[in-house]
Structure formats: structure tokens, C-alpha cells
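The residues making up each chain are set out below.
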Amino acid sequence: MTEAKIRGVPIFVGRFDMKTISRAFFLLLAFVGAGCEVENQRTSEMAVINQNQPLSKEKKLDADINLNIGSMEVSGSDDPLSLYSLDLDYDKANSRPDINYTSNAGGEEGRLSFVLTDSAKTGVRAGSQDTKLRLNFSNLIPLDLKLRTGVGESRLNMSGSRLAALDFQSGVGSTKISSYDANQVTCEYIHIKNGVGEMDAVGLGNLNFRNLEFEGGVGEAKIDFTGEWKQNADIKIQVGVGAVTLIVPRSIGVRVEAPKSFLSGLHLDRFNKVDSFYYSDNYDTAQIRVSIRVVTGIGECRISWT
Amino acid sequence: MSIRSRSSALTAGLILIGLGLVFFLDIWNKEFSAWEFIAKYWPVILIIIGIKKLFLYFAWREGPVISAGASQEKARGIEASSQGRPPSLLGGLLWTSLGILFLLHNFGKIPDLWSMAGHYWPILLILLGVGKVIDYYRQKDRVSLRVGEIIGILILILVGLAATRATSTHFAQSIKDIPWNINLGGTSVRPGQWFGNSYAYSEETSYPIPPSTSVRVENAYGQVVVSPGGEGEIRIRLKKVVYEDEEERAKEIADQIRVEGGLEGSASSPDEDKQSAEKLAAGTSANIFVIKTNRDSLSSEDHRFNTDMEVSIPKNIGLQIRNLYGEVHVANLAGQMNVSTTHNPIEIRDCIGDVTASNRYGETRLINLTGNVSVDARGDVHIETIKGNVDVRDRYSPVVISGVDGKVTVSNTDQSINISDVTQPVVIEAHGASVQVNNLRSTLKVSSSHRNVDISNVDSNVDLQSKYSTITLKDIKGSVDIDANSDRINADVIDGHLKLKGRGSGIVANNVRGSVEIHTTLKDVSVNDFSGSCSVTNEHADVSLSTPTLSKDGVAVINHNGGINLFLPQGMAFQIDATAKNGRVISEYAGLQSLQDSGENETLKTKSGSGGPKILLNTDNNNIHIRARESADDRSKN
Chain A
1 MTEAKIRGVP
11 IFVGRFDMKT
21 ISRAFFLLLA
31 FVGAGCEVEN
41 QRTSEMAVIN
51 QNQPLSKEKK
61 LDADINLNIG
71 SMEVSGSDDP
81 LSLYSLDLDY
91 DKANSRPDIN
101 YTSNAGGEEG
111 RLSFVLTDSA
121 KTGVRAGSQD
131 TKLRLNFSNL
141 IPLDLKLRTG
151 VGESRLNMSG
161 SRLAALDFQS
171 GVGSTKISSY
181 DANQVTCEYI
191 HIKNGVGEMD
201 AVGLGNLNFR
211 NLEFEGGVGE
221 AKIDFTGEWK
231 QNADIKIQVG
241 VGAVTLIVPR
251 SIGVRVEAPK
261 SFLSGLHLDR
271 FNKVDSFYYS
281 DNYDTAQIRV
291 SIRVVTGIGE
301 CRISWT
Chain B
1 MSIRSRSSAL
11 TAGLILIGLG
21 LVFFLDIWNK
31 EFSAWEFIAK
41 YWPVILIIIG
51 IKKLFLYFAW
61 REGPVISAGA
71 SQEKARGIEA
81 SSQGRPPSLL
91 GGLLWTSLGI
101 LFLLHNFGKI
111 PDLWSMAGHY
121 WPILLILLGV
131 GKVIDYYRQK
141 DRVSLRVGEI
151 IGILILILVG
161 LAATRATSTH
171 FAQSIKDIPW
181 NINLGGTSVR
191 PGQWFGNSYA
201 YSEETSYPIP
211 PSTSVRVENA
221 YGQVVVSPGG
231 EGEIRIRLKK
241 VVYEDEEERA
251 KEIADQIRVE
261 GGLEGSASSP
271 DEDKQSAEKL
281 AAGTSANIFV
291 IKTNRDSLSS
301 EDHRFNTDME
311 VSIPKNIGLQ
321 IRNLYGEVHV
331 ANLAGQMNVS
341 TTHNPIEIRD
351 CIGDVTASNR
361 YGETRLINLT
371 GNVSVDARGD
381 VHIETIKGNV
391 DVRDRYSPVV
401 ISGVDGKVTV
411 SNTDQSINIS
421 DVTQPVVIEA
431 HGASVQVNNL
441 RSTLKVSSSH
451 RNVDISNVDS
461 NVDLQSKYST
471 ITLKDIKGSV
481 DIDANSDRIN
491 ADVIDGHLKL
501 KGRGSGIVAN
511 NVRGSVEIHT
521 TLKDVSVNDF
531 SGSCSVTNEH
541 ADVSLSTPTL
551 SKDGVAVINH
561 NGGINLFLPQ
571 GMAFQIDATA
581 KNGRVISEYA
591 GLQSLQDSGE
601 NETLKTKSGS
611 GGPKILLNTD
621 NNNIHIRARE
631 SADDRSKN
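Protein chains in written order, with my numbering: chain A, 1 to 306; chain B, 1 to 638.
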């Protein structure tokens with residue numbers, strides 16, 4: 001640290017005094033910590049909604065789910081009497097649910113609309129930690145699922161479901177998508193847009209999709225394409241800031257197209273470059289082939305085998 | 001070492017000793033909670049730091065400039081009192097006063113600390129100024145204003161202004177509403193009580209109850225604690241915590257909150273409660289006696305309160321607990337139990353009857369139970385020392401089970417299962433969940449995918465169905481049957497047979513004493529030190545076998561587009577039939593030299609020594625290697 005004088009009074013200048021800064025930070029923490037009170041607290045008046053829509057003539061269900069704040073769990077159900085069931089815990093002072101189920105004239109196409117809006121006016125989201133939505137959709141009919149989440153953790157377990165399409169956009173928070181059993185119908189497209197937070201997808205090969213588009217915002221993403229592949233597919237991966245790891249079964253033939261970017265990296269194992277494409281060494285003999293287009297911003301994309 | 005660093009070490013040492021003693025007390029004294037103690041007395045640390053700084057300030061004196069010829073000892077002596085920056089009085093005053101302030105708050109002397117900070121924070125600036133003035137008269141030209149101090153002042157002003165603004169707007173209420181409960185050592189700790197007060201009231205109620213009646217306790221937003229009490233009586237201690245700034249208003253609300261008790265479906269006014277309870281005591285038939293608060297009838301009001309219930313019931317009667325957003329603790333009961341809650345822990349210990357527990361999001365701890373146990377959870381599950389059977393269904397949270405005398409059935413999604421010391425058969429269904437199993441006295445059946453499976457010390461057979469997992473098996477006294485898809489398997493010391501029916505699965509197996517039968521594709525197979533027959537088929541990957549002995553049933557390897565490596569001890573007697581289509585048969589084994597080239601195929605068909613067990617090796621588009629295996633003596637020499 002160097003010393004200078006202003007009107008005869010020395011002032012220390014130069015590097016920041018990290019010790020002092022850390023003390024100031026600790027002081028701030030102490031100030032916050034002063035409010036800690038050891039007691040079981042009830043902070044928000046929570047309300048619970050349990051809803052079960054019986055399965056009648058429906059041959060297809062469209063679900064449009066919009067959860068501004070809170071965590072969400074979506075899974076399939078083998079209950080032959082239930083089209084969907086919904087359990088919602090929410091802070092009734094600061095949130096307002098709007099749940100609407102309709103079907104077409106013949107009753108064969110059902111449509112579920114769910115919106116939970118946050119009515120808190122300030123930036124502080126009261127009840128955010130306790131707002132939880134659980135949805136179980138019937139595994140017996142095709143499901144066209146559109147999900148929008150704001151702040152919170154999301155879990156989609158689509159094992160055994162009949163997923164016809166998935167459009168999922170998350171705001172801030174971690175996301176886990178899994179499918180441990182094969183989808184029983186063709187999934188026309190999967191669109192996943194991840195805002196800020198980690199993304200972990202497992203067993204997407206089971207979803208039997210034709211097209212998949214992943215848009216990663218900020219945060220790491222791991223996308224595991226293991227599963228029972230039934231058809232060729234096109235995959236587009238867009239990486240914003242962060243790293244994406246794609247895990248592909250060894251039996252799948254992969255072609256990768258990756259425009260070069262000096263800010264990003266592409267890591268491929270067991271691939272051969274032909275013209276502007278990278279082909280996996282089993283591409284010619286594989287029964288199932290996927291085409292992956294990777295667009296990276298600042299970050300990297302890695303493709304590994306299982 | 002300077003005074004400053006020595007005293008830092010002393011401070012750190014004293015704090016560590018204190019913390020050690022506190023946690024020691026926490027472990028050995030059940031009445032004592034370390035976290036509660038720390039939450040109350042932590043400002044003492046600030047006071048200690050502040051006093052240390054004040055001591056340094058008064059102990060510091062300006063020293064002479066050390067000449068080049070001065071001895072090191074003399075230099076060190078001077079350094080002890082005068083070298084380095086002059087200590088700041090401000091730091092000492094600031095830390096000490098804040099510590100005292102927070103300590104007084106924790107003792108309830110300053111209930112609304114945040115509001116007080118919002119109004120009086122400029123005092124800290126005045127203290128800073130006083131400190132500098134004192135510094136000036138004490139230290140003259142060595143008075144300094146450090147960068148860190150400037151930053152500290154800026155932070156102080158920003159925080160102070162924020163506090164002033166926050167306490168004068170509804171922002172304070174929003175902060176108070178934040179439900180960020182922090183769980184410290186099982187105690188719920190919440191920031192945000194700067195903005196308001198809570199008042200606690202308690203009342204006790206009792207009801208008579210005949211022995212044949214079971215009890216249901218219903219509560220929300222508060223804990224339920226149930227313990228054994230006197231026969232024929234239920235006693236309830238209700239603690240009402242009301243969140244109101246004014247004590248008078250809090251008392252009004254608390255007076256409206258009460259416990260209701262009665263037969264299921266009966267009216268619930270206090271008088272009628274007593275009547276129904278008296279009917280019960282007189283022997284009128286009834287199945288369930290319900291204890292609950294009148295929260296539902298107050299739901300139209302905007303009251304904010306918690307209700308904690310301490311209930312004592314006859315030891316042997318059945319018990320149901322329906323709680324929401326509150327903990328449940330039960331101990332030392334002997335009746336059947338059905339317990340549910342959400343978002344908070346359940347703990348049941350030292351009970352005799354069957355237990356059914358359901359918990360959404362909270363931890364479930366079941367310890368030392370004699371009956372059967374059934375759990376449906378979406379939170380952590382910890383089960384220990386159970387005499388009966390255990391059935392657990394859980395999602396997204398870890399399950400730990402140990403010391404079970406009965407059967408265990410567990411399913412889990414996307415987290416982990418850890419099981420040890422179980423006497424009866426274990427069945428595990430793990431979707432995307434890791435599995436760790438140790439010390440089983442009976443059979444094990446596992447269905448798993450996408451995660452690690454570690455199994456060790458099993459006294460009986462293991463049956464595995466797996467996809468995309470990494471499997472480790474060690475010390476299995478029974479046989480192992482695996483149905484695998486894209487797995488990586490490591491098996492070590494298996495007394496029975498090893499059968500693998502796989503697709504895209506690789507395996508390394510060592511010390512298999514029974515027969516080995518492996519059918520897979522795409523990944524390498526390596527089997528070492530097997531004692532029984534060995535049969536392997538593979539495609540598009542290699543097979544490597546190494547054995548010190550050959551059983552009479554011999555070895556058969558059929559590969560496609562993959563190599564075969566066979567390692568045998570030198571001097572062994574056997575018959576071999578090895579064919580490599582579009583490949584070579586390469587022998588580095590003494591006595592196996594004759595190659596018969598028939599076009600594109602190479603075949604080695606001969607005897608070693610006097611002949612004996614048959615070895616059949618067959619592949620295409622790759623080679624077969626037969627090599628001498630190093631003996632144990634060779635390995636020890638190397």
C-alpha cells in the first residue's frame with residue numbers, strides 16, 4: 001500500500017484493504033443475522049387446491065401451464081380413471097390461481113389451462129419457497145404439454161407418458177427432465193428454453209421425438225439422450241453462456257454440424273470430420289441416426305458416449 | 001509475532017474453545033440446543049472482537065524508527081508495540097456497540113432492532129467522527145483515513161438509508177413475509193423478525209378417553225408432539241404464537257384460538273366437547289377422538305398465528321396425526337400410528353405398533369420401531385433399527401435405511417437409496433436414483449437406471465435389472481443375475497454363478513467361483529480368475545479371459561467384430577478349437593504352434609498336454625490371442 005498526503009494528513013491509497021472489506025461484509029451479515037429468531041414460524045397463509053379431472057371421452061389433452069413463481073413437479077399417472085390431477089400449495093395472500101378445464105364439442109379433446117400469478121407488488125416474492133404445483137397427467141392418452149415457469153425449481157418426470165409435444169420455458173431456477181420408460185407415442189417436437197439455472201435432462205431417448213430444440217441461457221446443462229430410440233431425429237442445441245454436455249448411446253449414429261465461434265469450444269469423441277460435418281465412427285452402420293446442430297455463444301458443447 | 005496477530009490467535013482460540021464446548025453440550029445434554037444457544041449469544045463474538053480492538057488501540061504507541069544497526073531482538077520488541085498501522089478506535093467502538101445492541105435485541109430488550117437501526121444508524125457516523133478526532137489528538141500526524149474505512153462508511157450510509165426507507169414503507173411487511181426458514185440442526189430459523197413482534201400464549205386442556213378409542217390430532221402451521229400419558233386421559237398443551245405488533249391485539253387473537261376435542265363428526269363447541277368426552281368416558285361406543293384447533297373457523301379473519309400442540313395420550317391406543325406445515329414428533333407409544341404432514345420433519349422413535357407415515361417435502365425420521373413401517377414421502381427418509389418390514393416410496397429425496405429385521409421394499413426417483421444391515425429380502429426400484437447396499441443377510445432384487453449401483457456383502461442371491469448404470473458388486477455369497485442395457489459392471493468375489501444378459505454393457509468380473517455366462521454387445525468383457533465354466537458372447541468389442549484353472553466344462557467365447565484374448569497358466573492340459581474369420585489366431589502359449597490357414601480363416605485346433613477341458617474361441621473380423629498367464633510366483637518375482 002502506498003501513502004499520499006492531502007493537506008498534511010496521510011491517506012492510504014492503492015490496493016483495496018480486503019481485510020477491511022471482508023469485515024464490512026461480515027458486519028452487514030451480522031446485521032442481517034440479528035433478525036434470526038429461533039422459533040417455528042408461520043409466515044404465509046398457505047392454501048391448498050386438490051383437483052382431479054376424471055377421464056371420460058378424451059382422446060387427447062392439451063395442457064398449458066404457467067407458473068410465475070414456485071416449484072413444479074410434472075409426472076405421468078397410470079390411474080385409468082383420472083385425466084389429470086393437480087395439487088397446488090400457494091400463498092393465498094400473494095398469489096392467484098386460475099384453473100380452467102374445457103373440452104371440445106365431442107369431448108374428445110381436453111384442454112387444461114393453469115395460471116398462477118403473483119400479486120405481490122414489491123420485488124420481494126412472499127410465499128415463493130412454499131408455492132408448489134404437482135401435476136399428474138394420464139399415461140393413457142396423448143399429451144400436448146406447454147409449460148412456462150418464472151422463478152423456481154422444475155421437475156418433469158415423463159416416464160411412461162404419451163407425450164405428443166413438449167414446449168417448456170423456464171425462467172430462473174434449476175430444471176430436471178427425466179424419462180426412464182419409453183414414450184408410447186411419437187413426440188412431434190420438444191422445445192426447451194432454459195433461462196438462468198442448471199438443466200439436467202435424463203433419458204430423452206425414451207421420449208421418441210422427431211425434433212428437439214434446446215436453448216440454453218446462463219448455466220450448465222446436461223442432456224442425456226439415452227433410452228429406447230425408435231426413429232431418426234433432428235436436434236438443435238443453442239448455448240448462451242455456459243457449458244452443455246450431450247450424452248448419446250453408443251448404438252446411435254450422430255452427425256454434428258457446428259458453426260465455428262472463437263468464443264466457444266466443441267469437444268467430440270470418436271467423430272470424423274467430412275466437409276463441414278462431424279460423423280460418429282458408427283454412423284454408417286447405426287440403425288438410428290440423429291443430426292445435431294450446435295450453436296454456441298460463450299461456452300462449450302461436449303458430446304460423449306455411454 | 002506482533003500483539004495484533006497474537007491477540008487474533010487468542011481470540012480465534014477462545015471462540016473455537018467456546019464453540020467446541022457448546023456443541024459438546026448439544027451432543028451430551030438433550031435439553032440443550034447448540035443452535036438456539038448460538039442464535040441467542042452470537043453477538044458476544046462481536047463484543048469480543050470489539051474489545052480486542054479497543055485493547056489494541058490503547059496498547060499501541062508510536063515507536064522510534066529502527067536503525068540499520070539495531071539488533072533483531074530489539075527490533076522485534078519495538079515491533080510488538082509500535083510497528084504497522086495504528087489501530088482504529090472506530091473499529092473497536094463499532095464492533096462493541098453493535099454486539100451489545102444485538103445481544104440486547106436477542107434478550108428482548110430491543111424488540112424492533114431494524115426499526116431502531118433505521119432511526120439511529122447515524123450514531124455510527126458520529127462514533128466514526130469521534131474516533132477520528134481522538135485519533136488526531138493521540139496520534140497527531142499519523143492519523144489516516146484508509147480506503148477500507150471509506151468503503152465501510154459508504155456501505156454504512158447505504159445500509160442505513162435503506163433501513164430508514166424500509167421501516168417507513170410497506171416493504172417491511174413484505175420482508176417479514178419472506179418464508180425463508182433456515183433449518184439449523186433441526187431448528188427452524190427465520191430471518192425477518194426485525195419488523196414486528198410475536199407473542200406466545202399457552203393453555204392446557206384434558207379429556208377423558210376409554211382405552212379402546214383411538215385419537216386423531218389435526219393441526220396446521222405448528223408442531224405436534226405426542227408422548228405417552230396417563231390411562232383414560234388425553235392432555236393437550238397448546239402454545240399459540242400470534243404475530244402482531246401490539247400485545248393487546250395479540251392477546252385478543254390468542255383468546256379466540258382454542259383446542260377442540262370430540263368424537264369424529266360431533267359438534268365442536270367446548271361444552272359439547274366435554275359432553276362427548278364424558279360420554280366416551282362412560283363407555284359410549286366411539287372409534288376416533290379428534291383433537292384439533294379452531295383454525296378453520298378463524299380462516300375468514302386475517303390472523304397470523306402458529307399453534308404448537310403437545311399431546312399426551314394413553315400409551316397403547318391408536319394414533320392418527322394430520323398436520324400441515326408443521327413438525328411432528330412422536331415417542332414411546334405402543335399403538336398403531338398413521339402420521340402425515342407437509343414441508344416439515346416427522347420424527348417417530350421408540351414405538352411398538354405399526355407406523356404409516358406420509359410427508360410431502362419434509363424429512364421423515366423413524367428410529368427404533370418394533371412394528372412394520374410404511375412411508376410415502378417426497379422428502380428425506382431416514383429409517384433406523386426396525387424390527388418389522390419396511391416399505392418406502394419416495395421421490396426426489398434420499399432414502400437411508402439401516403438395521404432392519406424384516407423385509408425392505410424401496411422405490412425412489414431421481415435421488416439415492418442407501419440400505420445396510422437388513423436380515424430379510426430387499427427389493428429396490430430406483431429410477432434415476434443411485435443405490436448403495438451393504439451387509440444383507442438375504443436376497444436382493446434391484447431395478448435401476450441411469451445412476452450408480454454399489455452392492456457389497458450380500459449373503460444370498462442378487463438379481464439386477466439395469467439401464468445406463470454403473471454397477472459395482474463385491475463379496476456376494478450367492479449368485480448374480482443381471483439384465484443390463486448400456487451398463488458398466490464391475491464384479492469382484494462372487495461365490496455363486498454370474499449371468500449377464502446385456503445390450504451395450506461392459507463387464508469386468510474377478511474371482512467368480514461359480515459358472516460365468518455373459519451375453520452382451522458393444523462393450524468389452526473381461527473375466528479374471530474364474531473357477532467354473534465360462535461362456536461369453538459379444539459383438540463389436542473385445543473379450544478377455546484369464547484364469548488359473550479350467551473346470552471340466554471348459555470355456556466358450558463367440559465374438560463378432562471383436563478380439564479375443566485368452567490367458568492360461570503355462571503347462572495346462574486342454575483341447576482348443578480357435579477360429580478367426582478374416583482374422584488371425586496368434587498363440588504365444590508354449591506348445592500351441594500349429595496354425596491351419598484355410599483361406600480367409602485361421603484355425604487352431606489342437607491339444608495342450610494330454611488334453612482335457614474344451615476351449616472354443618470364435619470370432620470374425622478380428623484376432624484371437626492366446627497367451628501364457630503370469631503365475632503368482634512370477635508376479636511376486638516381478
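Among the clues, some could well be false.
[Unchecked claim] Below, a list of computed lysine-lysine pairs in the DSS-like style, where the Cα atoms sit at most 25 Å apart:
| # | chain 1 | residue 1 | chain 2 | residue 2 |
| --- | --- | --- | --- | --- |
| 1 | B | Lys474 | B | Lys445 |
| 2 | A | Lys222 | A | Lys236 |
| 3 | A | Lys146 | A | Lys59 |
| 4 | B | Lys445 | A | Lys230 |
| 5 | B | Lys251 | B | Lys292 |
| 6 | B | Lys292 | A | Lys92 |
[To be verified] Every beta carbon over 10 Å from chain B, so not counted as near; a handful from chain A, in silico:
| # | residue |
| --- | --- |
| 7 | Lys60 |
| 8 | Asp98 |
| 9 | Ile141 |
| 10 | Lys146 |
| 11 | Tyr180 |
| 12 | Thr186 |
| 13 | Gln231 |
| 14 | Pro249 |
| 15 | Arg293 |
[As the list claims (entries may be wrong)] Chain B is faced by these chain A residues, among others (derived, beta-carbon under 7 Å):
| # | residue |
| --- | --- |
| 16 | Ser174 |
| 17 | Val202 |
| 18 | Ser291 |
Hints were generated in silico from the structure; no laboratory data involved. Here the structure is a predicted model, which means the values were calculated and not measured. No residue lacks a Cβ here, since even glycine has one placed at the ideal position from N, Cα and C.
Among all the numbered hints in the text so far, which are the ones the structure does not match?
4, 11, 14, 16, 18
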